[in-house]
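There are 2 protein chains.
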Amino acid sequence: MNDHGSSALLTDHYELTMIQAALHSGAAARPSVFEMFARRLPEGRRYGVVAGTGRFLEQLEGFRFRTEELDFLSDNGVVDDTTLRWLSEYRFSGNVWGYGEGEAYFPGSPILVVEGTFAEGVILETLALSVFNHDSAIASAASRMVVAAGERPLIEMGSRRTHEAAAVASARAAYVAGFATSSNLEAGRSYGVPTGGTAAHAFTLLHDSERHAFSTQLDSLGAQTTLLVDTYDVERAVRTAVELAGPELGAVRIDSGDLGKTAGRVREQLDSLGATGTRIVVTGDLDEHSIQALAVAPVDGYGVGTSLVTGSGAPTVSLVYKLVARAHGTSADLPLEPVAKRSVGKPSRGGRKWSVRRLDDTGTAIAEEVFPYEPPEAVGTRPLLRPLVSDGEVVGGESVHDARERHRAAVAELPEQALRMSRGEAALPTVFH
Amino acid sequence: MNDHGSSALLTDHYELTMIQAALHSGAAARPSVFEMFARRLPEGRRYGVVAGTGRFLEQLEGFRFRTEELDFLSDNGVVDDTTLRWLSEYRFSGNVWGYGEGEAYFPGSPILVVEGTFAEGVILETLALSVFNHDSAIASAASRMVVAAGERPLIEMGSRRTHEAAAVASARAAYVAGFATSSNLEAGRSYGVPTGGTAAHAFTLLHDSERHAFSTQLDSLGAQTTLLVDTYDVERAVRTAVELAGPELGAVRIDSGDLGKTAGRVREQLDSLGATGTRIVVTGDLDEHSIQALAVAPVDGYGVGTSLVTGSGAPTVSLVYKLVARAHGTSADLPLEPVAKRSVGKPSRGGRKWSVRRLDDTGTAIAEEVFPYEPPEAVGTRPLLRPLVSDGEVVGGESVHDARERHRAAVAELPEQALRMSRGEAALPTVFH
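Chains as they are written, first to last, in our numbering: chain A, 30 to 462; chain B, 30 to 462.
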C-alpha cells in the first residue's frame, strides 16, 4: 500500500531545501502570508468550485516528520541536520482561512490564506495544491453535470479511470457538487458518500443465458435491482426482465448505442408491458453536454465515469500557492509587506486579501470583490473566508453533507448565464479594491 | 489520511453485488479468464506504455476484507451474510500473467490475463483498472517526452497538479518511462526514484534582495545548486549568480517567458562570464511538443509538471477488464468457453489470448501478434506475457529500475515512425491469429 501514516513526504523536494537555506539566513522565521488562487478558470468555464478543504485539513493533521520520514531525508542527503531537527518538531502553528468547501470561485479569489512563519507555510505548498487542484477540478466538472441533469440523479462511477486514491477523492468531490451516489466503496466508508451498483456485462456472460443471469440477480438482489439490458439484444432483454421481475422491476441500465433513441424505445416497451414505474438509467461516455442533450429523452438517471474523474477536459485547475506578504524581520510585531514576482506572463498581486460576493436586490451574485483589508460587513455582500485553522488547531472541519449544502446554495445564487453549458467567460467579474 | 491498511474497498459496489448473485446461482466458482486490454490508443498516439504492474501486485497483497471492511459492508447492507463470509476468506488464489512493466502496447494487446474463479477475478476489476489506467497514461505521455528530450534529462515536478497519491504514482511511472528525477519525496521513499529540487520564487521574495537570497542559497546548498533567475530581471540575476557562485555554479533555472530565446541569451551571458559549465534548466508548462521545439536551444534539462501528470491530453488510457472465457460449470476440468458481448460500438473478442512482438531481421518491431493459444517459441518473435502471480503468490515483483530498463529496450526496438511527436496511427498493426 505504500502508505506510511504521514502525509509529510507528499511534498516537493525543494520545499525542504528552501527551508534549509532560509534557516541558514534566519528568514525561515519571518511572519508570512501565502495565498492560493487561480489566475484563470479552465478554458470556457463560467465558474469554479472549491473542493478538497476537508481532505486538506485531515492531511494537515497527519503532516508530521517522524523517525521514518527523517531517516529517509537523512539517508538521501535531502537536507542538513539543522533542518532535520526543525522538521522533527514541525507542527503547523499558524492560521488558515479559506473559502468554504463547495463554494464557487473566480479568477483571483483568495481560496486559501495561510498565515505563519515562512517555513511553516511554504512546507504545505505541495500538499495543499495537490488536494485542492485535484478535488476542485472534479467538483467543477461535476457541478456542471449536476446542472445539466436538472432533477435527475447522477451516479459517479469513474473509479476505474483514475488513480485508486484519486477515485475516492473524486467520488467525494462529486458528492459535494451534487451527485447522488458513487460506485466507490471506500468513499462510502471514508466520507459517508452513498454507494450503489448492481451488475456488469460480465455477470450476464458468466451465466448460460441472459434469462438465467437476470433471474439469479432478481432472486439475490430483489425486484428493485437494476438489470443491465444491452449485453445481447435490448428489446429481448427488456422483455425477459419484465417477464421475470414483473412491473415492480426497479430499473434497467443501457450502456451502449444511441442512448436517447434506445431509452425512448425502452420506455415505450416498459410502459406497454405495464412496467410504468421501472426507471431507465443510462451510462457510457457521458459528459455534461451529452447529459444536457438527453434532457428530452425518458431517462431517469445518469451514470458518469471518465469525464467526471478527468475533470471533463480540465483534470487540474491551475491553482497556485504564492507568498504574498512577509515581514522584514522575524519579530511578530513587524508589518507584513506585500511581495510579488515580476516575471513575464505570470503576474501576481502582492499583499494579503479578503473577499466578499456581492449580491443584487434579488440575491443574485453580481461580483467577486477582493480587498486588501477586511471589509466591514455590509448589506448585499457575503464574506467568503471562514476560519479553518487557528493557532495550529483545526477549527473548520465539517461533513461532506455540509459542503454539499453550501454548494447547492452557492450555485442557486449565481446568475443564469453561469449555468450555461456553452463555453464562456467567468460569470462574475473579480473586482480588486 | 483515510488509509485503512487494506485496498479491498477501492472497488466498485457492483463487483460485490455481482459476487452475491453469482454465489446464489453457484456460478461464482466457475473457472474464468479476465483480460485487460485497450480497444484503441489515445487519439493520435503511436504506442502506449504499460505501467502500474508493480503497484498492482503490491495492492493485491493488501486486498483483504478484514473486520473493518466487513463491518462497513454489513452496516450499509451492501451484500448479504453469505457474501460477507466469502469476502472474509478472500485471497486471490489464481494466476496472473501480464506484459512486463515498461513494455509498449497496442490496441488489443492482452496486457493482463487473470485466471481464477469468476468471483475472485471480477473482484479485482476496479483496482486493476484504476492502477493501470492511471499509471499507463502517465508513462505513455512521459515516454514521448523522453523521446523528445533526447539525451537531455527530464525532471518530473507535477505533484501539485494531481491528487497527492496520484502524484507519487506519477513520479514512479515517469521514472519507469525514462525521466531522470522527480520532485516528489514520497516517490523517493516508496520506490527509490531519485529526487531533486532547490528553490522557488517564494525563496527570493522572502529575502530582502535577490542577492541576499542567492548568497544564502549558495552558502547553504553549495555552488552546485540551481538558482532560479526569473523572479525580477533575468540578466541581472544571472550576473549576480555568477558573481556570487563563480563559474562553478551548477545551474540556473528559467520558469517564464520565451524559454528558447531566454536560454540562448543566458547561455551567451554565462559563457561570457566564464561559467561555461553552468547548466540551464527550463520549466513552465512544457510538454513533448515544446520540449521538441527547444531541441535547438542551449538547454541542459527540462522540468515537466502539468502535462506529465495529466497524461498530456490523455489522463486515462481506456483500458478495460473483460471476462473473455469461462467454464460451463464449476469443475476444474471443464473447458473454458469464449464469451463476448455483442453491444453496439464496443465489440469484444472472446477467448483467452497470448501475444508476441514480431521483429524483422534488424530487430525492429513490425507487428503485435495475438494468438488464441500459446504460440511455440520462434525466431523473430518475443513473447510478451510473463508470470506475475502463480496460485495466488506474487512471482513477478521487480524494481522500478528493471521496468525502466525494459522500457528503454522496448522503445529502442520500435520502428522510427513510432517516435514521431505528430499525431498518427498505432505504429504496429495488431494481428489476431
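Any given hint might turn out to be false.
Stated by the list, open to error - Which stretches of chain B does chain A cover? Using the computed rule of at least three CB atoms under 8 Å from a CB of chain A, they are: (1) 42 to 49; (2) 405 to 417.
Said to hold, decoys possible - Label-pair ranges, simulated between beta-carbon atoms: (3) B:G306 / A:G358: 43 to 51 Å; (4) B:G91 / A:G91: 37 to 45 Å; (5) B:G275 / A:S428: 35 to 43 Å; (6) B:P364 / A:H430: 34 to 42 Å; (7) B:H241 / A:P458: 33 to 41 Å.
Bear in mind the hints are in silico, worked out from the structure with no lab data behind them.
The beta-carbon is built from N, C-alpha and C at its ideal position, and this holds for glycine as well.
Results for each hint:
no.: 1; hint: 42 to 49; result: holds (count 7)
no.: 2; hint: 405 to 417; result: violated (count 0)
no.: 3; hint: B:G306 / A:G358: 43 to 51 Å; result: violated (37 Å)
no.: 4; hint: B:G91 / A:G91: 37 to 45 Å; result: violated (19 Å)
no.: 5; hint: B:G275 / A:S428: 35 to 43 Å; result: violated (58 Å)
no.: 6; hint: B:P364 / A:H430: 34 to 42 Å; result: violated (52 Å)
no.: 7; hint: B:H241 / A:P458: 33 to 41 Å; result: holds (39 Å)
Violated hints, in rising order: 2, 3, 4, 5 and 6; the structure is consistent with all others.
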